[in-house]
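J.: Sequence:
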Amino acid sequence: MIIFYFRFSLMGVFKQNIKYYWVILFAPIIIVAASFFFSERYGKYEGRWLNTISGDGFGYYAYLNAVFLPSGFDFDMEKDGLHYGKYPVHPYDLLAFDADSSRYTKYFPGTAILMSPFYLTGAMLAYVSGEDVDGFSPPFQYMVLFSTLFYLLFSLVLLTKLLRTFNLSDTDILFILLPIAIGTNAINYVWNEASYSHVYVFFSVSGFLYCMRLFFIQPRYSSFLWAAAFLGLGIIIRPTSVLAALAIPLLSENLDNLKQLIEFKLKQWKTTVLAGLLIFMFIGVYLLTNYLQFGKWQLWTYTGEYFDFLNPNLQAFLFSYKKGLFVYTPLLLLIVPASLSLWNKNKFFVLSFASFFLVTTYILSSWWAWSYGGSFGSRAFIDYLPVVSVFFGRYLSYAELSRVRMTGLVTFIVLCMGLNLIQNFQYTRQIIDYDNMDDEKYWQVFLKTDDLYRWVNVPEEDFLKNRKILQVMSWQNDFDEKQDWPTNNTLVSWPINSPNKGYGHSVMLNKEQQYGALFSIPADSIRNNSLDIVAEISMSTILGSSYCDAKAVVNVKSQNNGRWTGKKIISQARRKGEWFFVKYQFNVGKLELDDTDLEFYILHDHKKPIWIDNINYRVYFLEKR
Numbered sequence: 001m002i003i004f005y006f007r008f009s010l011m012g013v014f015k016q017n018i019k020y021y022w023v024i025l026f027a028p029i030i031i032v033a034a035s036f037f038f039s040e041r042y043g044k045y046e047g048r049w050l051n052t053i054s055g056d057g058f059g060y061y062a063y064l065n066a067v068f069l070p071s072g073f074d075f076d077m078e079k080d081g082l083h084y085g086k087y088p089v090h091p092y093d094l095l096a097f098d099a100d101s102s103r104y105t106k107y108f109p110g111t112a113i114l115m116s117p118f119y120l121t122g123a124m125l126a127y128v129s130g131e132d133v134d135g136f137s138p139p140f141q142y143m144v145l146f147s148t149l150f151y152l153l154f155s156l157v158l159l160t161k162l163l164r165t166f167n168l169s170d171t172d173i174l175f176i177l178l179p180i181a182i183g184t185n186a187i188n189y190v191w192n193e194a195s196y197s198h199v200y201v202f203f204s205v206s207g208f209l210y211c212m213r214l215f216f217i218q219p220r221y222s223s224f225l226w227a228a229a230f231l232g233l234g235i236i237i238r239p240t241s242v243l244a245a246l247a248i249p250l251l252s253e254n255l256d257n258l259k260q261l262i263e264f265k266l267k268q269w270k271t272t273v274l275a276g277l278l279i280f281m282f283i284g285v286y287l288l289t290n291y292l293q294f295g296k297w298q299l300w301t302y303t304g305e306y307f308d309f310l311n312p313n314l315q316a317f318l319f320s321y322k323k324g325l326f327v328y329t330p331l332l333l334l335i336v337p338a339s340l341s342l343w344n345k346n347k348f349f350v351l352s353f354a355s356f357f358l359v360t361t362y363i364l365s366s367w368w369a370w371s372y373g374g375s376f377g378s379r380a381f382i383d384y385l386p387v388v389s390v391f392f393g394r395y396l397s398y399a400e401l402s403r404v405r406m407t408g409l410v411t412f413i414v415l416c417m418g419l420n421l422i423q424n425f426q427y428t429r430q431i432i433d434y435d436n437m438d439d440e441k442y443w444q445v446f447l448k449t450d451d452l453y454r455w456v457n458v459p460e461e462d463f464l465k466n467r468k469i470l471q472v473m474s475w476q477n478d479f480d481e482k483q484d485w486p487t488n489n490t491l492v493s494w495p496i497n498s499p500n501k502g503y504g505h506s507v508m509l510n511k512e513q514q515y516g517a518l519f520s521i522p523a524d525s526i527r528n529n530s531l532d533i534v535a536e537i538s539m540s541t542i543l544g545s546s547y548c549d550a551k552a553v554v555n556v557k558s559q560n561n562g563r564w565t566g567k568k569i570i571s572q573a574r575r576k577g578e579w580f581f582v583k584y585q586f587n588v589g590k591l592e593l594d595d596t597d598l599e600f601y602i603l604h605d606h607k608k609p610i611w612i613d614n615i616n617y618r619v620y621f622l623e624k625r
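Counting along the sequence shown from 1, when you hit position 301 you're at 301 in the working numbering, and nothing is skipped either side.
Take the hints with a grain of salt, since some may be wrong.
[Claimed, not checked] Label pairs and their in silico Cβ distance ranges:
(1) 547 x 67: 49 to 57 Å
(2) 547 x 464: 28 to 36 Å
(3) 449 x 561: 28 to 36 Å
(4) 76 x 341: 55 to 63 Å
(5) 295 x 20: 49 to 57 Å
(6) 22 x 68: 31 to 39 Å
(7) 438 x 562: 32 to 40 Å
(8) 557 x 146: 47 to 55 Å
(9) 34 x 436: 27 to 35 Å
(10) 74 x 341: 54 to 62 Å
(11) 575 x 20: 44 to 52 Å
(12) 577 x 623: 41 to 49 Å
(13) 577 x 67: 54 to 62 Å
(14) 276 x 438: 41 to 49 Å
[What the hints assert, rightly or not] Cross-link-like lysine to any residue pairs, in silico, SDA-like; alpha carbons within 20 Å at most:
(15) 86 x 55
(16) 567 x 618
(17) 270 x 225
(18) 296 x 74
(19) 551 x 603
(20) 624 x 527
(21) 448 x 421
(22) 468 x 532
(23) 511 x 551
(24) 608 x 544
(25) 568 x 607
(26) 576 x 545
(27) 106 x 76
(28) 448 x 548
(29) 465 x 618
(30) 568 x 461
(31) 448 x 430
(32) 551 x 451
(33) 511 x 606
(34) 265 x 226
(35) 267 x 219
(36) 448 x 330
(37) 568 x 536
(38) 557 x 475
Rather than coming from a laboratory, the hints here were simulated on the basis of the structure. Backbone N, C-alpha and C fix where the C-beta goes; we use that ideal spot for every residue, glycine too.
Using the sequences and the hints, build the whole thing.
T.: Take a look at the structure:
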């Protein structure tokens, strides 16, 4: 908060460097990343698995083991004596299969190149400490975390140097970079999904922008070639990094400077060719890794994945509750008022940024899976946050903000940073789902961090899908005239808005009456070892409070240990005061000889009541797979 105090009180007049600039910039980021990691990761997984390597990260990381371990590019996990059965997640389980059913990594090798010094450090620490030198023991996993943190901080150093060339004070720069680091989903890919590529692209784009800016200030071959190297590196991390080249006009400040760059490229064509060769050298590294994997030169390894430029999902990419850029990173909404403010002062700059933003979001939203799989927010745009930093920097260099506007701006930024950290916590706690959010789910859990809301946004698994149903048994009760089984619950008249649109009764559950609609089936009457069993509970329900711990329960009673499974009612009934029809399935499997009963009931232990009605219990008998 120190920087916000400075920026507010000095109103941008403070133009000298801050003595402890780097401490003020780095300390909050390190504290946030460390706090999240040690509270949410350390000691939470089986054995010594820290989960710093996950998802797509296994594909990037696989190159390191392939280069530095004896197994090379053989990712057959059944033959992998070094890792098989040692960790709760097999390192190669998520890799793709080629036409010969052999595992391979489809990902680009740039992330692994940047990780490699930290990988080797992890190997040294593992050897010295007596840990397994297998690429995945704790020293290696810690190094993945340190690697990502290092490259984020290094990126901020480059961006600081870049923004200083626009004559911004250190207070202004902190005012930009701290929110970019902590107020966007980039922080998630520092500590949580640290093995993903986005922070590494962030670094390469930052380096590219900085070197190109130096070239505009004082044209030198070295700056131009370094820019080409950073761009080439970015391409073999994520090929869409090439879009950063669209930001070059932003660095030129005006059209005349941009024309000078074009003239330089034409006159100094040898340097331009050398820069092109430098970029292709990096692409050659990617082609070489493919040759080592497949025994042939192969350019595209994302089989069946593509850009559909005729059908972009631009609206969903920007505004949807699923992964919308402006929904999960509302800090970027400042682009709109900043553009309007800059328009009369530097139209060229605004048009340049608008062109970059529209082309980039158009291309990213044209990917066949525009949401980019399991992720927090729009992870694909993290790669271009350095460009946004330049845009905000130019805005502050022109801005003349009144105290009222400055107060509003600071308040909005602080709220965005707080919201981002809360939602990052929700994401890691499975309160915000990784790929299945919508408006109802979003507002149901908005700012909620209680464990009650964990997993409520995960879609119900359909255990009957693609299964052959051989028999169905069903029992139902509307708690009025028709009763397939009796109930000992106290029946109450309908509360508001009866689903039957008339007089009736329902069961009310609260802290005094916690169990409802209990129904028990003797196991002997349904036991069949040649069939699989799926149980189902469906009913109408109304919540007396949005904070509701009620569960639909199926319990296999046994002479020894039973098997109890409960599913949260609020995973489908998302608001209080109105009726919802809900349905839950339970994969029972088969009943063992010591199982005595299959029980159904509703459990609710809270003073605020819920009502249930029109309940239906089913048992499906399925052909074994």
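J.: Each hint should be assessed against the structure and marked as holding or not.
T.: Right, here's what the structure says about each hint:
Checked against the hint of 49 to 57 Å, the pair residue 547 and residue 67 passes, with Cβ atoms roughly 52 Å apart. Taking 28 to 36 Å as the suggested C-beta distance range, the pair residue 547 and residue 464 conforms, at roughly 32 Å. Judged by the Cβ atoms, the range 28 to 36 Å given for residue 449 and residue 561 holds: they are separated by roughly 32 Å. A C-beta distance of roughly 58 Å is found between residue 76 and residue 341, which places it inside the suggested range of 55 to 63 Å.
Distance hint check for residue 295 and residue 20: the Cβ-Cβ separation is about 55 Å, which falls inside the suggested range of 49 to 57 Å. For residue 22 paired with residue 68, a C-beta distance near 33 Å keeps the hint of 31 to 39 Å intact. In this structure, residue 438 and residue 562 meet the distance hint of 32 to 40 Å, their C-beta atoms being roughly 35 Å apart. At about 50 Å, the beta-carbon gap between residue 557 and residue 146 stays in the expected band of 47 to 55 Å.
Checked against the hint of 27 to 35 Å, the C-beta distance between residue 34 and residue 436 comes to roughly 30 Å, which is consistent with it. For residue 74 and residue 341, the hinted distance range of 54 to 62 Å is satisfied, since their beta carbons lie about 57 Å from each other. Evaluation of the 44 to 52 Å hint for residue 575 and residue 20 yields a pass: the beta carbon distance comes to about 49 Å. Distance hint check for residue 577 and residue 623: the Cβ-Cβ separation is about 43 Å, which falls inside the suggested range of 41 to 49 Å.
About 60 Å separates the C-beta atoms of residue 577 and residue 67, a value consistent with the hinted range of 54 to 62 Å. Here the CB-CB span from residue 276 to residue 438 is close to 45 Å, well matched to the stated 41 to 49 Å. Distance restraint check for residue 86 and residue 55: the Cα-Cα separation of roughly 18 Å lies within the 20 Å cut-off, and the hinted pair is therefore satisfied. Restraint check for residue 567 and residue 618: satisfied, since their Cα atoms lie roughly 16 Å apart, inside the 20 Å limit.
A distance of roughly 11 Å separates the Cα atoms of residue 270 and residue 225; the hinted pair therefore holds under the 20 Å criterion. Between residue 296 and residue 74 the alpha-carbon distance is near 16 Å, which keeps this suggested pair within the 20 Å criterion. Taking the CA atoms of residue 551 and residue 603, the gap is near 5 Å; set against the 20 Å cutoff, the hint holds. Our distance criterion of 20 Å between C-alpha atoms is met by residue 624 and residue 527, whose separation comes to about 14 Å.
Taken as a hint, the residue 448 and residue 421 pair is honoured in the structure, with Cα atoms around 12 Å apart against an allowance of 20 Å. For the hint pairing residue 468 with residue 532, the CA-to-CA distance comes to about 10 Å; that is within 20 Å, so the pair holds. For the hint linking residue 511 to residue 551, the alpha-carbon distance of about 13 Å falls within 20 Å, and the restraint holds. Simply put, residue 608 and residue 544 have alpha-carbon atoms about 6 Å apart, close enough for the 20 Å limit, and the pair holds.
With a CA separation close to 17 Å, the supplied pair residue 568 and residue 607 stays within the 20 Å bound. A hinted pair counts as satisfied when its Cα atoms are at most 20 Å apart, and residue 576 with residue 545 qualifies at roughly 5 Å. This hinted pair checks out: residue 106 and residue 76 have alpha carbons roughly 15 Å apart, not beyond 20 Å. Taking the CA atoms of residue 448 and residue 548, the gap is about 13 Å. The hint holds against a cut of 20 Å.
For the proposed pair residue 465 and residue 618, the alpha carbon gap of about 16 Å is at most 20 Å, so the pair holds. Proximity of residue 568 to residue 461 is assessed by CA-CA distance (about 14 Å); at most 20 Å being required, the pair is judged to hold. With a C-alpha separation of about 12 Å, the suggested pair residue 448 and residue 430 falls inside the 20 Å cut-off, and the hint holds. Restraint check for residue 551 and residue 451: satisfied, since their Cα atoms lie roughly 14 Å apart, inside the 20 Å limit.
In summary, the hint linking residue 511 to residue 606 is supported, as the alpha carbons are separated by about 5 Å, within the 20 Å threshold. The hinted pair formed by residue 265 and residue 226 meets the criterion: a straight-line CA distance of about 15 Å does not exceed 20 Å. The straight-line distance between the Cα atoms of residue 267 and residue 219 is roughly 13 Å, inside the 20 Å bound, and the hint therefore holds. In summary, the hint linking residue 448 to residue 330 is supported, as the alpha carbons are separated by about 18 Å, within the 20 Å threshold.
This hinted pair checks out: residue 568 and residue 536 have alpha carbons roughly 14 Å apart, not beyond 20 Å. In summary, the hint linking residue 557 to residue 475 is supported, as the alpha carbons are separated by about 19 Å, within the 20 Å threshold.
In summary, this structure violates none of the numbered hints.
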